Structures are given as structure tokens and as C-alpha cells.
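Q: Single-letter residue listing:
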Amino acid sequence: MESFRFDRSDVRKRRDMGSVNRNVILFGTLLIIVGLSLVGWEVATGMFFRRTGPMGYAAVLALGISCSVWGLKDIVAQIWPRLAARGYYFRLPREGLVFLILTVFIFSGSILGRSNMLMMVFSLMVGAFLMNGWLTFVMLQGALTRRTVPSRTMAGEPVGVALSLENRVPWISARLMTVHDTVSHASQSLDPEVLFVQVPPKSQATGHYHFEPAQRGRYQFSRIDITTRFPLGLVQRGVHRDQFQEMLVYPRIGHLRPGWTRQRSNSEELSNQSRGSAGTFQDEFHQLREYRVGDDRRMIHWRTSARLDDLMVAEYQEVRDRDLYLIVDAWLPKNASSTEIENLERGLRFATTVSMEALHANRHSSLYVELLGEESFRWHGDVERDPDSLLDAFAVLSARNDESLDQVRQLISAERLRSRRTVIVTQRPVAIQKLLLNWEDGVPPDVEVLGTSQAGLAGVFADSD
Amino acid sequence: MLVIFQFSVTLLVCVTSLVLAGAEESIWPAMTVLVAVISLWFVDRLKLFALSPLAATALSLLAFAVAIAEFNFFRQQSVLGVGGHLLGYLIQIFLLQKKTGRHYLWVFALCQMQIAVASMLTYSIWFGVGLAVYGLLTIWSMSIFLLYRSTRSLPLPELVDRVAGDQPANASTSIGQVWNGVAHGPSTRLISAQFIGNTLFVFVQTLLIGALFFLLIPRVWANSSLLAGLGQSRQALTGFSDEVRLGDLGEILEDDKDLMKVQAFHANTNLPLSREDAELLFGDDPLFRGAVLEVYEGGRWRGRRQEAYAGISFGAREGSIRLQFDVQPISVESIFTFDNVLAVQSENQRQRVMMGVYSNVVRRNQNVDLSQPFTYYQYTDGAPPDTWFSQWRKRYLEPEGNTPPPLHGQFSPEEYERYLRLLTRVPEQCEQLTAVADRVVGTEKDLEKISKRIEEWFTNYGGFKYTSKLTVMDSNLDPIVDFVVNRRKGHCEYFASAMAIMLRTQGIPSRVITGMKGGIWSPRTSVLTVKQLHAHAWVEVYLDGKWVTFDPTPADRDVDVQKMQGLSGGWGILWLDAETAWARLANLSQETQQTRIYQPLYQVALETVETTKSLFEGDSALIHRIRDIVMYPDRWFSWEGGVLAAVVMLFLSGLFWLVRWAYRLYARWENMNSRESDANQRAQRIVPFYERFLAILRKQGLEQGPTQTAREFADMALQKLRSRLVSMNQTDSTTQLVETFYQVRFGGVPLNSIDLTQLEQQLNQLDALLSEKQEEVQ
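For the protein sequence lines, the chains are A and B, in the order given.
Each residue of the first sequence is one higher than the one before, counting from 1270 in the numbering used here.
Each residue of the second sequence is one higher than the one before, counting from 400 in the numbering used here.
Hint data in this document are derived by calculation from the structure and do not stem from the laboratory.
These numbers were taken from a predicted model, which means no experiment stands behind them.
Keep in mind that the hints are not guaranteed to be accurate.
What the hints assert, rightly or not - Pair ranges (Cβ atoms, derived): (1) Asn1604/A - Ala1066/B: 52 to 58 Å; (2) Arg1416/A - Leu1064/B: 25 to 31 Å; (3) Ser1722/A - Leu1117/B: 39 to 45 Å; (4) Lys1603/A - Glu1102/B: 25 to 31 Å.
Each residue gets a CB set at the ideal place from its N, CA and C atoms; glycine is no exception.
Kindly produce the complete structure, drawing on both the sequences and the hints.
A: Right, dumping it as C-alpha cells:
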């Protein structure tokens, strides 16, 4: 049984996993000093030995050494995380902190007030605290988690990520275990989580969280944390495991506006050749009109003519697109503003939408795509059979900062002799228009240049909601 | 679901309030029960009303004001009592509000504090029962709290476990959104039988861990042993040092550690007294006089500082008795004397023993090593204490008498006058006892009868009860006044102190003596063993020039016997045993820990080490013993059989764990190896001739796509290079090459040297021709 907790926009800052936590080092150093001082003091004065005998002496030494070792462990784990590969950690929640303060307060009261009964209350509190810590540790020790994540998705589309938790402890249920995932992209991260209310002993449960990526690119799924505070909520312990997985997110597909279709119509060959009947070129019904002298009689649509009491002819139009040659100039200035970045992304969304539209709309025309980014990519629809590679390329395309238009010029030059419809999607339409106007090599080629600004694409493209 | 949680919290508050009410012996804290029930019904369930935050704040301020007023106007109220009431008021205010998670957390914390206050007010076993119930309810309520909070089943704000400061990110910088999930597991019911079982398990474990801590934490109390110990290296016997805090003696009253052994001999013949004579001498409860406490200030007794000491070498009289004291290290200078002191001398002649000429306390010289056992002799004639000295003093104080030579020059009549005046001084904070003493004494003028009447008031009709438990300290009242006016329960130190001060209010010089009362008489060895638990305090009153002993502590022993006789069934005995055990726990002292916990544990550890050592050394006795147990089935069901079975099971468990661990280690190693081997195999799967084919085509600008199969790529390449390959008759060979690749890569077909040579030639030809063509094009 599953339900979902709707915590939208739960964006958190990326955990600085690699950095050293100075507070922990400070705490560790303090523990070492306290521990060694305790040992040194007892050895020098022998106070507990005289009062409580060898057992007290041993207890004090054990306490001091434990403190020192714990402190050293904390420091080592911070500086060389690989040495602390087990990945267990401890956090004191607010309630736990208050509880601990109360415990210390009551202990001090019992010592100062010489009250055995207060010491009894203190002992009960310590018992509860330690029990909480121990149980969380036992549950975590037996917990094993796995993630199942789809390899590809589209930005804006929610995907379900399955997290399974296995409880290997044979005698106790794992309760209230929260599995936190880490999804990172572009130096930001998300921490989705799945709460496992109960996983019986020696069994496994699977829960899902839904994730809706907002941007294209590679999303890394890395660190998985399992945390629990059960049963009292006073101590939170966790363990982290690194499980690296990746998901490619394609740019989000939007809607092409009628403007794009109009532009397409202008470039269609044989666009207005009407025929009296559907031909071999997948002709489409175009319109009904009045009969004109000279029209083929076979074109007469008798049923409509009878209804209107006038001769009407049915006109068919042969539609056959030209091949589309899409050049995506993924260029960004060096210190790009957020608007410029968004413009680039819009351009890529548009280009992806156009590509998908072209692939789905007509099997008789081909799509050719040139992606000019940090690394260029070429996809030719006449030989490529799998659009996934194109989408993959759209997903991972990185912008280039190079001001040069040489690549664009070369591509246009090579295209001159062909009759393909050439569309350049760019963030620098003015520069490219200028290039075309000042074309040195004869007649400027017939190229459509579309800017990626909101205004530039307003007539042809709309993002999905 | 919410109902269960609300009921649990209400129950928790009720139990806490009742525990406090029981501890305080007052109905007032129990009023919280009423408020809790009203709050549950009208605020939480029916939602008829709730205090606004403003009203709650105002009421909280009022609660503080009421507490201060209580403290100022009701003088009987202790700070703790007032604190407990204040906590109760605050709990009530929280309950009457519309509750969030934070409110419930506050209620939990305040309940905890109330229990802590209650623990300071009582020693009753009922508190123990209440504490256990409270512990169970707290664990239950907190578990449910966490359960609902985590699953968001509890519709309370502020319960979301979020990192503080998390805000929804700006959509333009957000990388996405998440919908967290919940996996309920086998059942959607949050509170199941398993959950209840789990809570009980946690409770029992908590009790066990708590008990362990309680028993093992050394009772190194502050303000006495600990702080005093920081300044001195020796530990004085509690209650017998130069300065004693009222109540200190209680620490050793449950300690059965041996303190000293006393034997009686005829002084002349040096032969031990006959059993009858010895029993006659010591009686039922012999008093061994120890330290003398003369000045009382702020809950502390101390000896007078201007004491003069003189050696006691009066000599043994004809027919006197010599008592031999073998005292354990007690780290105090004063030593014990019995009855009338004729002379005292150390076994070691170099260690001098002296007597205070005013207090008559006998103490060792300062150069004696106090951390060592000490043996000394006292000569007595069996007369009451101060008999000999009072005669001497009488003669000394009267000019016509002859001053005995031993104390010549040490004793000053004027100083003795000052000494007696000091012993009639009543501390300011105890002035309240004057009225009490006047009421007890009435119109009686005779000093001895006054003393007797006050003693009887304590022992018989004053409503006092003996208890060895530490009495509650009230900072508002002097502990003695608190004892006489309020509590009326305490141990001998309180009784003796109260009587001494009350006598002083009547102008009668009195002082408190701490020492030992009773002992364990061994008829076989004629040795009286005195333990620390025989520690006692009594009063010496100066009547008619002589110090007379009074013991105001009630003889509650008879009451206990009567109580035992009144019990009819086994449950009663059981309850009494429980009460006794509880009293021992409540009075757990450092000494008890030392003797009953630490030392046995240490012994067990030592024995375990020895046993293990002997086992490894092949000690035949142990092996024979084990063999005997195994061989004779009738010994299987004995404690030895149980221990052996436990050890064997532990050993087998350890062995199983070790084998499993080793297996897992081996499996991990194997896994690593297989991964490495997989990597090698992957490397081997790279077919060299196909790689070369790819390299040739790469030179022509043709790359195999990540999702393209070899055949698809070959098709594409053929299409692109068709015109050139056709002219070179290479199309078939290219197709054949790809097919061969499939056979090798996926079919595992091995290639012989002829095939390889042929392929090599084809590739060479293809490379050469394509290169030439390219040059031509250029």
C-alpha cells in the first residue's frame, strides 16, 4: 500500500559532502582532550580508585579512553572519509537535545542534592536515550536499500523512482525508516525521500517517490541515506551508501504555433497543386468549391451538390514537405545572464519540438540536425533509424562560448546546393543575418534564422504548461 | 488515530500529577488530572474552546505570580513543592490551548520535570511504581508521537521533520520537484499488536539499562565527598569527620562493612572475659562514643576548635577491664570508647592517644597514618561514661579538692564555663524550636525531667518516625526545624540534633555524640563486630556536673516486628521484602556499592580470568568438573549444568558468527574477483579486426552511434560509401566482415589463422582503397 506525500518544491541546497566539517573536528578534539584529561587525572590522583576500588578505576579509564577514541574517530572520518567507509552517523534532533539537557540537569541535581531517587529518574532517562540509540543502530545495520530509476525521461514529466528497503535483521521489524535519495544536477540537488513505516524481519518493501525534472541534462542519483529515530525520536542515526546512477532528461517538448506551419507551407514544394482525387502521394482533402468551367467532371461532389442544389467540386491537395535541415547554434556569451541561459534552453526546447514534430508528421521527408555546442553532433534522418541518439544529444548539449561563426558558415555553404529547408535556431540571430547579408560566396542562401528569445519564438513556439 | 495519542498524553499527565501528589502528600497537584480530562474532552475532542496564545501567556505569568505568593505566604511550602505546583500550572495552561507538536513536546518536558521534583520529595516504594508506569506511558506516547509525526497522520502543524529554513525554490533555478512517498508495509494500521509489543520491549530494555546505570554510577556526592576529596587525599568515615553535614550519617546506615572488632580482657590476668561477663558488659546495644559535635551552623555540626588535649595515662585500676579495639582504616583522628574511660593507649607505643579535656573525645595523634588499621586498648570499669572524669572535674572545679596530676595545666575552669555557655547557644535559624520545646516541657523546672520529657517526646508521643532515608532538604527552613515542624521522619542524626537544640533553648548544655550503637556478638570467639550500619548519634546533657547520655531516636524495630506479625499472607511478606529492597535502593551509598556491587564484580572478573588461565594451562580440576557434569545426567539440571550449557551455547554462537563472518568475507572477495574477471572478459570481447574496421571508417568521418548495432552501422556505411565501394567491389567483403564479427562476438566462433589472414587482407585493401579515393577527391 502506498500513498504520496505532496511536498512540492522541496528543493534543498546541495550537501557539501566533500568538505570537512570544522565543528565535528572541534568536537572530536574536545573529546580527545577531555578523555585524556580524565585518564591523566585519575592516574595522577587515583580518586575513583580510592573511593570505588578497581572497578571504578577501570570505569573511569574506560570512559576516558572511549572519549578519546571517539574523538579521534570523528576527526579521522572527517579528514579521510574513505577510512570511515561504514558511513554511520548520528544526529541529535531538537527533542533529543532538550531531553539531553534535562538529563544533565537532573543528574547535576541528584549529585548536588545527594538524592538517590533523582539519580533513579536520571538512570531511567539515560536508559531511554541509550535504548533509542541502540535500536536505531540495530535497524540500520540490517537495512539494505536499492534504487530503480528510468534511464531517460523528458523535462516536466514526472517519473517514479522505486526505492526498496530490505530488513535483514531476523528478530525485529524495521520501523519508521526514511530513505533519502540525492538527485543532483547543475550544482543543485534534491533530497526526495520515502518513509518505510514497517518492514518485517527478513523481508523487503518497496516505496516510490515521484520526481519531475525541470531541466534537461544528466541527473545524477548518488548518495542514499537511511535514517531513523524510532522509537522515541530522541536520537537520529543514519547510514549513507553511494549508489551512482544516471538519468538523461530530454528538453521538454512544447507546441508549435500556426506560425511555424505557415512558414512551412511557404516552403512546401507543389504546395498549391490541387487534384481531383487522392493520389499516390498521400494527398489530403483540401476544400469544396463551386464548379468552374473546365473542371474535371469527376471532381464533382454529387452529395454536396444535391444538398446545395449547385454543382460543387471536391479539391485535393498534394502535400509533400521539403527535408528539414535544422542547425542549432548553442552559443552563450562567457558571462551569460539567466535570461540568456533561459533563451538557450528555450531554443533547445523549440528545436527538440520541431525535430519530434518532423519525425512524427511525415515519413516522406527527412530531418537533418546539426547541434553546434561545445561538442558538435550530427544526426541525419536519412540514415539514422533511432531518434534516441538525437534526443540524447539534445539532453547533454553544452553551450559553447566561441564567438566564431565559421561552423555555421561551413554548414550553410555545404547546404547551398541542396533543396532542403534550412532553419537556424540561434541566440545571435542578428549576427547570423549579417553573415547572410554579407555573404561573400555568391547569392545568399535561403535560410530561416530564428532567435531564441521569447519574442523571437513567440509566433512559432509555445512551452507546455 | 489522533484519539489514541490524545488519550495517551492525558493519561501521562494524570499519572505524573498523581505521582507528584503522592510524593507531596497533598491533593493540590492532583487537580491537574481534572484539567487534563476537561482539556481532552472540551478542547481536543469537542473543540468547544481553547486558550488563545495571549491568554496562555497571561496565565503563565499569573502562574509564576501564584507560585511566588505560595512560597512567601505559606511558609510550610518548600521550594520544591512550589516548583512542582508551578510545573503543574504550566502543564494545565499548555493542555488548555489548541495544541501543536511543540505544545506536546513542552508537556512531555514538564511532566519529566514534575517527576524529578516528586523524586526529591519521597522515598516511598509507591514512587517507584509510579516511576515505572510513567516510564511506560512516556515511551508509549513518544512512540505514537513519532509514528504519527513521521507519517503525517497527525494533523498537527509544526510536526513536519523538515530542515529549518527550507523554502520552495524559485522555479527558474529549480531543477525539479519531488513527491515524497510512504510505504506502509504489510498493514496500513499504524498501531498494531506488533507495535504494542515493540513498545513493551523498549520499555523493558529501558528499565534494564536504567537499573544498570543506577547501580553502577558511583555515589560520589558533591559538597561532601567529592568536593572535600579534591582537597584531601584520604576519605574520612562519613559522619565522623571534624565537620558533618546533617544527614551524612545516613550514607553509611545501610552499609554492613566491618568497622571494628572489640574484645574484652581482664586487665590483671590478660585473660578474655567469660561469655556471660562479656555479654553482661556490652549489654544489648553497647554505645561506642566517637566524635563530639558541639557547634551547629546552617545544617552542619562541628567540634569546638579551642579544645585542649591531654594524655590519658590514669592507669588501670584493680579489677578493671581491658578492651581491645581493632579499627579498620577510617581516616579520622577520633576513636571509639566504651563506657567509663580509665585509660587509653595505642598498641604501638609511639602512637599517642589523647583526650579532649572539655569534650572528652579521644583521638589519635596527628602523625598517625590514618589510612592504616589501628589497634588500641581502653581500660574501663563498666561504669557509665564520664563517671571518672566527672569526679575529677568536680574535684578540680572545687578549690578544696585535689587536682589529679595528669591534666594539670590543661584544664581551665573559666574556659569550661565558656564551653558550657557555647553549648547552650541556639542558632538564629532554630529559634522556632524554642516555642516547640516550651510546649513540650510545659511548666517542668527540673532539668533532668525536662531532658527526659523531650527525649520521650521524640521517642514516644511526638509522632516521629525513624527512617534511614535522607530527609528532604528545604532551603527555606533549617533542616532541624524542617524535621521537627514538617517532616517528622529521619534518622538518629536528626533526632539527636533536634533534641540537643531543644535542650539548649531551655538553657541546658547539650552536645551531639556520633558513634556506634550495637554490634554483632560472637559467643564462640567472644568478639563484638561493629559494622558501619551501627553508626548512631545521641545526646549528652550536662546535668548536675555530669554528662548524661540520652538517646531520642525511637525504637522502630518493635514496630517493624509488630508489622511482620500483622501480615497474614505471602503477598504481605512479599510486599515487605519489596519495600526493604526498595529502601536499600533508595539509600544506596558508596559503601554499599563498594561492598555489594563493585567488589563482587571485581571478584567475578578476577575469577573468570583465573579460570580461563587455568583452562588454558590445562587445569585438570576444571576439566574433570566439566566431564563430571557431562557424564552424569542428574547434574545437568543444576546451576553448574546451566552455566555449562550457557557457555557452550555462547561458544557455538560465537563460532557460528565467526564462520558466517568468514564466509561473507570470502564471498565478498570472490565477488571482487568475479567482477575483475568480468572486466577482463569484457576486454576480451573486443574483437580486434572489427575495431580496425571501425577505425578505417572513422577516418572517412563515419562513427558508430551509441545506439547503433554493428549491422545498422555497416548498412549506413555501405549506403554512404556505396559508390566508392561498388567501384572497388568491396560491398560484399564489408558485409561479410560484419557477419564474421557477429559470429565471433556473439556466437563465440573461433577464427583460424587462415580466416584471420583473409580478414587482415580485406581490411588492408579497404583501408588502402578508401585512402586513395579520399586523396583523389581532395
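Q: May I ask you to test the hint 25 to 31 Å on the CB atoms belonging to arginine 1416/A and leucine 1064/B?
A: holds (26 Å)
Q: Take a look at whether the Cβ-Cβ distance between serine 1722/A and leucine 1117/B falls inside 39 to 45 Å.
A: holds (44 Å)
Q: Measuring from beta carbon to beta carbon, are asparagine 1604/A and alanine 1066/B in 52 to 58 Å?
A: holds (54 Å)
Q: Can the suggested window of 25 to 31 Å be confirmed for the beta-carbon pair lysine 1603/A and glutamate 1102/B?
A: holds (30 Å)
In this structure, none of the earlier numbered hints is contradicted; all agree with it.
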